[in-house]
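Number of protein chains: 2
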Amino acid sequence: MAKEQGITVKKDQDFSEWYTQVIEKAELADIRFGVQGFLVHRPYGFQIIRKIYEYLEKEIEDDNHVPFLFPTVVKEENLKKEKEHAGFTPNVFWVTEAGSEKIEERFALRPTGEAQIYPLYSLWLRSHRDLPFKGYQSRISAFRNEMTTRPFLRGREFLFFESHDVFNTHEEALEQIETDLKICKTVIYDKLKIPFLYFKRPQWDKFKGADSTFTPDALMPDGKRIQLASTHDLGQNFSKAFNIKIMTKERKEEYAWQTCFGPGIWRIIASLIGIHGDDNGLVLPFDVAPVQIVIIPVLFGKEDRLILKKCKEIKEQLSNYRIKLDDREGYTPGYKYNEWELKGVPLRIEIGPRDLKENKAVLVKRTDKSKIPVKFKDLKKEIEKQIQSIDKEIKSKADKYFKDNTKEANTFEELKKIIQAHRGFVKVPFCSINLDGEKCADKIKEKISADVSGTLYPKEEKVKPNSKCVSCNKKANHIVYVAKSY
Amino acid sequence: MAKEQGITVKKDQDFSEWYTQVIEKAELADIRFGVQGFLVHRPYGFQIIRKIYEYLEKEIEDDNHVPFLFPTVVKEENLKKEKEHAGFTPNVFWVTEAGSEKIEERFALRPTGEAQIYPLYSLWLRSHRDLPFKGYQSRISAFRNEMTTRPFLRGREFLFFESHDVFNTHEEALEQIETDLKICKTVIYDKLKIPFLYFKRPQWDKFKGADSTFTPDALMPDGKRIQLASTHDLGQNFSKAFNIKIMTKERKEEYAWQTCFGPGIWRIIASLIGIHGDDNGLVLPFDVAPVQIVIIPVLFGKEDRLILKKCKEIKEQLSNYRIKLDDREGYTPGYKYNEWELKGVPLRIEIGPRDLKENKAVLVKRTDKSKIPVKFKDLKKEIEKQIQSIDKEIKSKADKYFKDNTKEANTFEELKKIIQAHRGFVKVPFCSINLDGEKCADKIKEKISADVSGTLYPKEEKVKPNSKCVSCNKKANHIVYVAKSY
Chain A
14 MAKEQGITVK KDQDFSEWYT QVIEKAELAD IRFGVQGFLV HRPYGFQIIR KIYEYLEKEI
74 EDDNHVPFLF PTVVKEENLK KEKEHAGFTP NVFWVTEAGS EKIEERFALR PTGEAQIYPL
134 YSLWLRSHRD LPFKGYQSRI SAFRNEMTTR PFLRGREFLF FESHDVFNTH EEALEQIETD
194 LKICKTVIYD KLKIPFLYFK RPQWDKFKGA DSTFTPDALM PDGKRIQLAS THDLGQNFSK
254 AFNIKIMTKE RKEEYAWQTC FGPGIWRIIA SLIGIHGDDN GLVLPFDVAP VQIVIIPVLF
314 GKEDRLILKK CKEIKEQLSN YRIKLDDREG YTPGYKYNEW ELKGVPLRIE IGPRDLKENK
374 AVLVKRTDKS KIPVKFKDLK KEIEKQIQSI DKEIKSKADK YFKDNTKEAN TFEELKKIIQ
434 AHRGFVKVPF CSINLDGEKC ADKIKEKISA DVSGTLYPKE EKVKPNSKCV SCNKKANHIV
494 YVAKSY
Chain B
14 MAKEQGITVK KDQDFSEWYT QVIEKAELAD IRFGVQGFLV HRPYGFQIIR KIYEYLEKEI
74 EDDNHVPFLF PTVVKEENLK KEKEHAGFTP NVFWVTEAGS EKIEERFALR PTGEAQIYPL
134 YSLWLRSHRD LPFKGYQSRI SAFRNEMTTR PFLRGREFLF FESHDVFNTH EEALEQIETD
194 LKICKTVIYD KLKIPFLYFK RPQWDKFKGA DSTFTPDALM PDGKRIQLAS THDLGQNFSK
254 AFNIKIMTKE RKEEYAWQTC FGPGIWRIIA SLIGIHGDDN GLVLPFDVAP VQIVIIPVLF
314 GKEDRLILKK CKEIKEQLSN YRIKLDDREG YTPGYKYNEW ELKGVPLRIE IGPRDLKENK
374 AVLVKRTDKS KIPVKFKDLK KEIEKQIQSI DKEIKSKADK YFKDNTKEAN TFEELKKIIQ
434 AHRGFVKVPF CSINLDGEKC ADKIKEKISA DVSGTLYPKE EKVKPNSKCV SCNKKANHIV
494 YVAKSY
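Line by line, the protein sequences are chains A and B.
If you count the first sequence from 1, you need to add 13 to reach our numbering.
If you count the second sequence from 1, you need to add 13 to reach our numbering.
Only chain A is shown next, with the shape it has when bound in the complex (with noise of 0.2 Å):
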């Protein structure tokens, strides 16, 4: 009755469900909770998401920001002091009876965290002394009222992790931004590989209490454009609206400048399984793996025991690494190397009699499922070696497909044409991403289904003298990337 082991589909034939599937047979998460929209992540994903929050917990704490933790729950008063600034209101849950009683105040589970923390922000920030102030809380909830969800995707309940930082100048603010992007860079793409570009969102699609809002964006297979990140430009919005206000050094109050920064966890972990993946499940770089190395046993009776005490030698002398020996009884090798394959570990090491007799084990790398040979004394170098090659193996597949779904189109036919071919990100001209553009947009997103993404940041590109907007084929002011999105 046990289902079928492997991925039963390709993942360029059918990416939604290879994704369900991997999801699933790897083990990252558990749909079964029995609460609609809340989902499980069982100990192999948990693994590479806490991962993923150690990484950005290092970048930001580098930056003198300062762990804190609120609250799952916000006030109803301060959520609808924020109510014209987000915006969450009308799919935030609420707590509403304790036992068999009503309670007294209804409270919301947190959909952001602007408003749970702002209010006591008015309290501890004072002076210009006390600026700048950098903060964050990881490792926690949101939760929305979604009314579809996906693993990873989208959930009632999901994977938050925010900075909101607060400072004397908007200069500062400004710098912030900066800083944001880089963290998002290093994690992002130095470490988990997933190639992005930054962008500045047009007017209509900013985070509504913001003066601008910066994204990240990568593309999944499908080529559906997938925001990894935003970090906010809140100018004094919320410190007017929640009352943060500074003694300045010359003695005046006035409102504090403020940024907020929210990565993704999900969307992350998401675009990681997405973009990495291949036909046989997951594909990991090596310091992201909850396993990294797996010693695989080849036995077949009469050398068993020599060859376990040499798999039981290697693990021990490569303990520096997540190492773990599949000696697990009742499972064929071939079982075993498409489980392994299946969960992404970057290198198999099998052993069998024949193996043992030329003091040699057979290093598989998961990337290209290549096999080397290798001499038992020679195997730590070797790994070390490999290491860097899967890593870069993985890191140039996903620049190519990025590269190879990011092209350019000057007519909206031409623009229509790629969408639907290539999906994938299409560098346009377009009149305005001021909100005056929103009408054009509009028209992209009726007739192609595409979303404009904004405009490159910091650098925002040139546009050709005499270029006509893509939509309604007036002069345009600037180059836009237009893509499906999810």
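Hints are not guaranteed to be accurate.
Simulated restraints, written as ranges between beta carbons of each label pair [unchecked claim]:
id	chain 1	residue 1	chain 2	residue 2	range
1	B	Q49	A	D455	41 to 47 Å
2	B	P478	A	E117	55 to 61 Å
3	B	K221	A	T161	35 to 41 Å
4	B	R45	A	P478	57 to 63 Å
5	A	K253	B	R45	19 to 25 Å
6	B	E427	A	N256	57 to 63 Å
7	A	R119	B	D203	42 to 48 Å
8	A	T199	B	K458	54 to 60 Å
9	A	E74	B	G343	39 to 45 Å
10	B	K394	A	T33	55 to 61 Å
11	B	T33	A	T33	50 to 56 Å
12	B	I116	A	K394	54 to 60 Å
To be clear, the hints were calculated from the coordinates, so they are not data collected in a lab.
These numbers were taken from a predicted model, which means no experiment stands behind them.
Using N, Cα and C, we set each Cβ at its ideal position, and we do this for glycine too.
Given the coordinates of chain A, assemble chain B onto it according to the supplied hints.
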């Protein structure tokens, strides 16, 4: 309008007020969140808590537990299944609305993990080969509608850590209990220097769904017992309620054996604050301190630039520690000394003009406030030495308090006298720790407001021949420890 900087009461004279002031003035937590019983963990407090989590995570993973993460909520139907076992339903919070609509099936905020986790265990664990399975979740919250709340002692949302282990045999489960208790020793005593006794709780005071409950209990400065963790032998109670059936080697279906372990994160930081602190505020073991060393320049004008330069040099040299240079302008050195003492920073380095001339700094220990002049070139070595001595002093002070407040009594009158005068633990002969002993415990509770903590574990002490129960005067079969409790 600034509040008085330091603690305005003596710890010995009004512990409760002292505790409240330390939490506020050392900026550990903020009670002004606006939803009753929900606490904000401020950066300084949260960094201590995170360290406690890190210690626990290391130990539990060294014991082969894998991390997972379940939703914050729980399905009503599953909560009902555990009702007779855990009995939390009367005070759970219910989510009943989303946006402006009633939701179809209300769900609860998790009061603890069993009812969330065990339904999934029943899907994941099928064969004896899947066991032992040891999983845990960390850095999460649990929720109960408590009537009275106090920071780190009782909250409507409180910080949680729980491991849930499944075994083929009862023997393995009992071994796990021992391991859980060893983890408590490593983290709570070895790292945090909090002395405690292990108890097996009387049958009337165990976790409802457990066969037996085991706890490390410490003593707060007000002489009250504080339970810091619990580990439960769940027998097959929950595996029957949640249908966790295992196919044995002999191909028979049997219910699994379970244990669960929950260190009380809040209780642990509460006792860390309470037990080690003094009239000036927090005292922290070196490794747990968010700031381990603070450098304070003593500036008078002329030599300021040189002093600051030297301070920065020293900060650089000692960058393997969590070190802070407090060069804030507008505060006197004295103000800064008080602030960092309040926050329990273990070592302070003072450098003034005369020190600079003499090529030395003054090292001040938080524990005994001793001032040690040290040549710059010897600073590193001296600090290493003093770290040891600080931790030793903290430990021996805590050990002494614990020992001095653990006494013996043989009659009810003796017990009463000690509890009323000295408080602390009182070791007494007692009739029974099974349910038939409950009325004797009730009498003690009623007359002197103290609780029977249980018998020592794993080695129960022997009763002297002819001893009588302090409560009913019948034959004593156990030595138990009585104390007032949190």
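**OP:** Could you tell me which of the hints above the structure violates, numbers in ascending order?
**Re:** 9
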